[in-house]
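J.: Please take these sequences and the hints and turn them into a complete structure.
Listed in order, the protein sequences are those of chains A and B.
So the first sequence is numbered by our numbering: it starts at 1 and just counts up by one.
So the second sequence is numbered by our numbering: it starts at 1 and just counts up by one.
Rather than coming from a laboratory, the hints here were simulated on the basis of the structure.
Since we're looking at a predicted model, the values are computed, not measured.
Just so you know, even glycine gets a beta-carbon here, dropped at the ideal spot from N, CA and C.
Treat the hints with care, since some could be wrong.
[As the list claims (entries may be wrong)] Computed list of lysine to aspartate or glutamate pairs in EDC-like fashion (alpha-carbon distance at most 20 angstroms, straight line):
{"id": "1", "chain 1": "A", "residue 1": "Lys435", "chain 2": "B", "residue 2": "Asp6"}
{"id": "2", "chain 1": "B", "residue 1": "Lys52", "chain 2": "A", "residue 2": "Asp77"}
{"id": "3", "chain 1": "A", "residue 1": "Lys222", "chain 2": "A", "residue 2": "Asp110"}
{"id": "4", "chain 1": "A", "residue 1": "Lys512", "chain 2": "B", "residue 2": "Glu47"}
{"id": "5", "chain 1": "A", "residue 1": "Lys222", "chain 2": "B", "residue 2": "Glu47"}
{"id": "6", "chain 1": "A", "residue 1": "Lys31", "chain 2": "A", "residue 2": "Glu497"}
{"id": "7", "chain 1": "A", "residue 1": "Lys430", "chain 2": "A", "residue 2": "Glu497"}
{"id": "8", "chain 1": "A", "residue 1": "Lys430", "chain 2": "A", "residue 2": "Asp110"}
{"id": "9", "chain 1": "B", "residue 1": "Lys52", "chain 2": "A", "residue 2": "Asp214"}
{"id": "10", "chain 1": "B", "residue 1": "Lys52", "chain 2": "A", "residue 2": "Asp210"}
{"id": "11", "chain 1": "A", "residue 1": "Lys435", "chain 2": "A", "residue 2": "Asp110"}
{"id": "12", "chain 1": "A", "residue 1": "Lys430", "chain 2": "A", "residue 2": "Asp494"}
{"id": "13", "chain 1": "A", "residue 1": "Lys435", "chain 2": "A", "residue 2": "Glu497"}
{"id": "14", "chain 1": "A", "residue 1": "Lys430", "chain 2": "B", "residue 2": "Asp6"}
{"id": "15", "chain 1": "B", "residue 1": "Lys52", "chain 2": "A", "residue 2": "Asp225"}
[What the hints assert, rightly or not] Covered by chain A, per the in silico footprint, the following chain B stretches (three or more residues, Cβ under 8 angstroms):
{"id": "16", "region": "9 to 19"}
{"id": "17", "region": "28 to 41"}
{"id": "18", "region": "51 to 59"}
{"id": "19", "region": "74 to 82"}
[Claimed, not checked] Sample of chain A residues with no beta-carbon within 12 angstroms of chain B, all distances over it, derived:
{"id": "20", "residue": "Trp26"}
{"id": "21", "residue": "Ala192"}
{"id": "22", "residue": "Ala224"}
{"id": "23", "residue": "Ala276"}
{"id": "24", "residue": "Glu301"}
{"id": "25", "residue": "Glu376"}
{"id": "26", "residue": "Val458"}
{"id": "27", "residue": "Gly464"}
{"id": "28", "residue": "Val492"}
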Amino acid sequence: MMPEGMNSTAIVVFISFVAFSLFITWFAARKMHSVGEFYTAGSRITGFQNGFALAGDFMSAASFLGITGLVFIGGSDAMLFNVAVAVSWAFILFAFADRMRNLGQYTFADVVAYRLHPERIRVLAAVGTLTVAIPYLIAQMVGAGALFETLFDIPYIGAVLIVGALMTIYVVFGGMIATTWIQVTKAVLLVAGATALLIFVLARFGFSIDNVFDRAAAAHAKGADIFRPGGLYKDPISILSLGLAFICGTAGLPHILMRFFTVPDAVEARKSIGYAVGIIGYFMVAIIIIGFGAIGLLTGESEYVDNVGRISGGANMVSIHLSRLVGGEIFFGLMAAVAFATILAVVAGILLSASAAVAHDFYTRVVRKGEISEQEEVTVSRWASVVIAAIAIGLSVLFKDVNVGVLATIALAVAASVNFPVIFLALFWKGLTTKGAIWGGVTGLIVVVVLIILSPTVWVGVFGNAEAVFPYTYPTLFSVAAAFIVTIGVSVTDYSERARIDRDGFAAQLVKSETG
Amino acid sequence: MADELDLLNNPSFRRLISRRSRWRWGFSGLLISAYLLWGVAGIYFPEQYAQKFMGSSIPIGLAVGTLIIMMSIVLSIIYVRIINRIESEESVGEEKMT
Numbered sequence: 001m002m003p004e005g006m007n008s009t010a011i012v013v014f015i016s017f018v019a020f021s022l023f024i025t026w027f028a029a030r031k032m033h034s035v036g037e038f039y040t041a042g043s044r045i046t047g048f049q050n051g052f053a054l055a056g057d058f059m060s061a062a063s064f065l066g067i068t069g070l071v072f073i074g075g076s077d078a079m080l081f082n083v084a085v086a087v088s089w090a091f092i093l094f095a096f097a098d099r100m101r102n103l104g105q106y107t108f109a110d111v112v113a114y115r116l117h118p119e120r121i122r123v124l125a126a127v128g129t130l131t132v133a134i135p136y137l138i139a140q141m142v143g144a145g146a147l148f149e150t151l152f153d154i155p156y157i158g159a160v161l162i163v164g165a166l167m168t169i170y171v172v173f174g175g176m177i178a179t180t181w182i183q184v185t186k187a188v189l190l191v192a193g194a195t196a197l198l199i200f201v202l203a204r205f206g207f208s209i210d211n212v213f214d215r216a217a218a219a220h221a222k223g224a225d226i227f228r229p230g231g232l233y234k235d236p237i238s239i240l241s242l243g244l245a246f247i248c249g250t251a252g253l254p255h256i257l258m259r260f261f262t263v264p265d266a267v268e269a270r271k272s273i274g275y276a277v278g279i280i281g282y283f284m285v286a287i288i289i290i291g292f293g294a295i296g297l298l299t300g301e302s303e304y305v306d307n308v309g310r311i312s313g314g315a316n317m318v319s320i321h322l323s324r325l326v327g328g329e330i331f332f333g334l335m336a337a338v339a340f341a342t343i344l345a346v347v348a349g350i351l352l353s354a355s356a357a358v359a360h361d362f363y364t365r366v367v368r369k370g371e372i373s374e375q376e377e378v379t380v381s382r383w384a385s386v387v388i389a390a391i392a393i394g395l396s397v398l399f400k401d402v403n404v405g406v407l408a409t410i411a412l413a414v415a416a417s418v419n420f421p422v423i424f425l426a427l428f429w430k431g432l433t434t435k436g437a438i439w440g441g442v443t444g445l446i447v448v449v450v451l452i453i454l455s456p457t458v459w460v461g462v463f464g465n466a467e468a469v470f471p472y473t474y475p476t477l478f479s480v481a482a483a484f485i486v487t488i489g490v491s492v493t494d495y496s497e498r499a500r501i502d503r504d505g506f507a508a509q510l511v512k513s514e515t516g
Numbered sequence: 001m002a003d004e005l006d007l008l009n010n011p012s013f014r015r016l017i018s019r020r021s022r023w024r025w026g027f028s029g030l031l032i033s034a035y036l037l038w039g040v041a042g043i044y045f046p047e048q049y050a051q052k053f054m055g056s057s058i059p060i061g062l063a064v065g066t067l068i069i070m071m072s073i074v075l076s077i078i079y080v081r082i083i084n085r086i087e088s089e090e091s092v093g094e095e096k097m098t
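T.: Have a look at this one:
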């Protein structure tokens, strides 16, 4: 689909990004002397920098490429995701920022282990982290492979290996210092790229938002019906479940929670999430306008969209095609490279959180009960990163044709149903006991997995059955409710000696969580 | 440990907790209910959702969605400022350090 030599800008920009990221990694490696520097960049990141890094952690290729594709096909429905994202980040600021930062050190498990049985609860947290991180990693890598295959004609496996190797290098040598700076660089590039694309698109409509919508309605096969709520608006339960998936899910993503600890104190933590809400909110509004602009501009361009409305290379290519149409070859190359840099930065963050779960929460705290030197812990973390990266690469090659959307749904739903209830109740409910937390976490995990298998996405989409046993795409309303009910039920009927310690620990935790 | 438990009965600390949780749950509740109301309204009022917003060509549903995103940003800014002020007024943290 693309003449030879056309992608030279993309290659130059991409190689520059990789070179710069490796320079950052080298620089970070020289400054890294302790466990704290490895996991949380020595907590020396400022609120402003961390705001960009947080936004970068969340603005994956899925949001940039996926949401514009969703608008192109389904119109207004995509706004449900965009608004949910902004609300979820503000909620994280209100509910979690202060207490999490004051209680934790490296991972969210530090927070829940403050008064609960440290070893048992860390095993749960490590399982919760890995069941979020691995599907999320695979989703990103499979997406990267497909994107590279379409854009540059590089074989799928090659792209997966490049992403896998680079993320491992960033994490193993540069730890959180490198990961943060790569994330900040990428976030700046992505926001700048999206802004440039928005300006180019608006220029085509005489800088009138009204024209964007008028032309979209005129061009789309469904006409003005693209503004009406569509397939996602089935019933209140679907809406509630989708909302909960984002609001509770984002607040349970381990790689995002880990970023709370890269800043020195709660004041900076609040500030950083405040910046993140602003950046993400702006980005979400921009991509909706870009998406509607794409309907008006790409429809009828036979090079990109055929006469039945199929997009060449799939719906994820909408932003990329649009960049080429409105900005020419150089801008197209730039945006393709930015999309790829986005994936690289996101996977590095996820890999680091997964390796912290294995090395810090499981190995150091549970297996060795803290009897370990700093040097040894960093070494274990590095090996954990290598092994997890190898597993993710292997699975991504094996499941080349997996539905990326399903994996992302699983990751978010597990974060909402396993991690979120435990953290939320540990922070705000005195009655939570270790036994309750573990039973609730396990219930959340089982309910999520079973309901996703029975849902339309897997039962119909993957297994090819005629009708889904469980009618909703997002299981979160049911799985989060189940996790909360079981956690609370088991906690209040827990009369063990440990339960007394758990409840008595709340007072000291409250003081620490509110004052630092 | 004993110091921390003393602090629990410190009136300044009690005020810090109650003032902070008022904003915490107030803002969370406001924003999450705005989102859910907007989402559920889309099911029952699809015509109105697609209607044009105040003489522009922007569908009302999208305009309201954008307003909720802006509200998230504005409430976040207000929250950060208010909590910083509350913390400086109820200077429990500093008392504890000395």
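J.: All the hints need checking, so say for each whether the structure fits it.
T.: Do the hints match the structure? See the list:
no., hint, result
1, Lys435/A <-> Asp6/B, "violated, 29 angstroms"
2, Lys52/B <-> Asp77/A, "holds, 16 angstroms"
3, Lys222/A <-> Asp110/A, "violated, 51 angstroms"
4, Lys512/A <-> Glu47/B, "violated, 51 angstroms"
5, Lys222/A <-> Glu47/B, "holds, 15 angstroms"
6, Lys31/A <-> Glu497/A, "violated, 45 angstroms"
7, Lys430/A <-> Glu497/A, "holds, 15 angstroms"
8, Lys430/A <-> Asp110/A, "holds, 17 angstroms"
9, Lys52/B <-> Asp214/A, "holds, 11 angstroms"
10, Lys52/B <-> Asp210/A, "holds, 10 angstroms"
11, Lys435/A <-> Asp110/A, "holds, 17 angstroms"
12, Lys430/A <-> Asp494/A, "holds, 13 angstroms"
13, Lys435/A <-> Glu497/A, "holds, 11 angstroms"
14, Lys430/A <-> Asp6/B, "holds, 18 angstroms"
15, Lys52/B <-> Asp225/A, "holds, 12 angstroms"
16, 9 to 19, "holds (count 3)"
17, 28 to 41, "holds (count 9)"
18, 51 to 59, "holds (count 4)"
19, 74 to 82, "holds (count 5)"
20, Trp26, "holds, 35 angstroms"
21, Ala192, "holds, 19 angstroms"
22, Ala224, "violated, 7 angstroms"
23, Ala276, "violated, 9 angstroms"
24, Glu301, "holds, 22 angstroms"
25, Glu376, "holds, 31 angstroms"
26, Val458, "holds, 24 angstroms"
27, Gly464, "holds, 29 angstroms"
28, Val492, "holds, 22 angstroms"
Checked against the numbered hints listed earlier, the structure breaks hints 1, 3, 4, 6, 22 and 23; every other hint is satisfied.
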